[in-house]
Amino acid sequence: MKIRTPGSALLRYVLHLANGGALFAPGASGRPARSYSVYAAVTDWACRKSGRVSDMANSNKIIIAVGILTVALGLIPVLAAMGILPRGNAPADPVPSWMIWLIGAMFVSAGSIAIMRGAFNSAYDASGEMPANAPLFLRAAHDLLAVGIVCSLALVFSWVAFGPGTRHFSVTAAAGAFAVTSRSGDTMGRVAFGFGSILMWCIAAAIVAATLRKWRKT
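Numbered according to this note's numbering, the sequence shown spans residues 1 to 218.
In case anyone wonders, no lab produced these hints; they're calculated from the structure. Values in this document were obtained by computation on a predicted structure and should not be read as measured data. Hints may contain errors.
Computed Cβ-Cβ distance ranges for the label pairs, DEER-style [to be verified]: (1) Asp186 / Arg213: 20 to 30 Å; (2) Leu138 / Ala65: 15 to 25 Å; (3) Ala80 / Phe162: 20 to 30 Å; (4) His168 / Leu136: 43 to 53 Å; (5) Val95 / Ile198: 37 to 47 Å; (6) Gly148 / Asn121: 36 to 46 Å; (7) Arg213 / His168: 34 to 44 Å; (8) Asn58 / Val191: 22 to 32 Å; (9) Ala209 / Gly165: 32 to 42 Å.
Glycine included, every Cβ here is placed at the ideal spot set by N, Cα and C.
Working from the sequences, and respecting the hints, build out all of it.
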């Protein structure tokens, strides 16, 4: 059973992009051989298509291009909130304006992280960190943006669960090739996102603690 809301796939993408979400590249036997960040997965696919898996320069160029595209996507809601781009018809239960800014900022931050990692040839670094030869201020910006994205996701989940206004949720029950989707009540969705928000804040706290420990050793 899954609860889906508009934009949930995009939020999952931002979280993976920011936090080096583990994807697996198949080994010779068809089983997962090693863990990659989402950057590595994108570049590995692109390089295999072109027959140049070892071409790191092209890999990092692709990552930079992905980062620029992500930044552009993040600027769309921000520019719409500023009135520069058209917003279309207002929904019956619009979200607060700060939510639009927050989601746009998450995409811009995730894109900026991808650009920084691509610029410093760290596309295939599964640790999700900037290389040691990168300038200190860029490494600090990288970590701050990553922490900010995770905390922002936790804030979004918290608003969906505990914020004012009505919510519209759908529940999908799947069994094999068959799937049934129906609308669920406000309470059920809020409870699900409430548990999700608690989990996200725990993850955010763990990432903040790990980042602080890392910088204390620097």
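A quick look at each hint next to the structure:
Hint check: Asp186 to Arg213, Cβ distance near 40 Å, so the stated range 20 to 30 Å is violated. Taking the beta carbon of each, Leu138 and Ala65 are about 19 Å apart, inside 15 to 25 Å as hinted. Distance hint check for Ala80 and Phe162: the Cβ-Cβ separation is about 26 Å, which falls inside the suggested range of 20 to 30 Å. At about 46 Å, the beta-carbon gap between His168 and Leu136 stays in the expected band of 43 to 53 Å.
Restraint check, Val95 to Ile198: a C-beta distance of roughly 21 Å breaks the suggested window 37 to 47 Å. For Gly148 and Asn121, the hinted distance range of 36 to 46 Å is not satisfied, since their beta carbons lie about 24 Å from each other. Restraint check, Arg213 to His168: a C-beta distance of roughly 41 Å satisfies the suggested window 34 to 44 Å. Here the CB-CB span from Asn58 to Val191 is close to 47 Å, at odds with the stated 22 to 32 Å.
Remark: the range hint 32 to 42 Å for Ala209 to Gly165 is upheld by a beta-carbon distance near 33 Å.
Checked against the numbered hints listed earlier, the structure breaks hints 1, 5, 6, 8; every other hint is satisfied.
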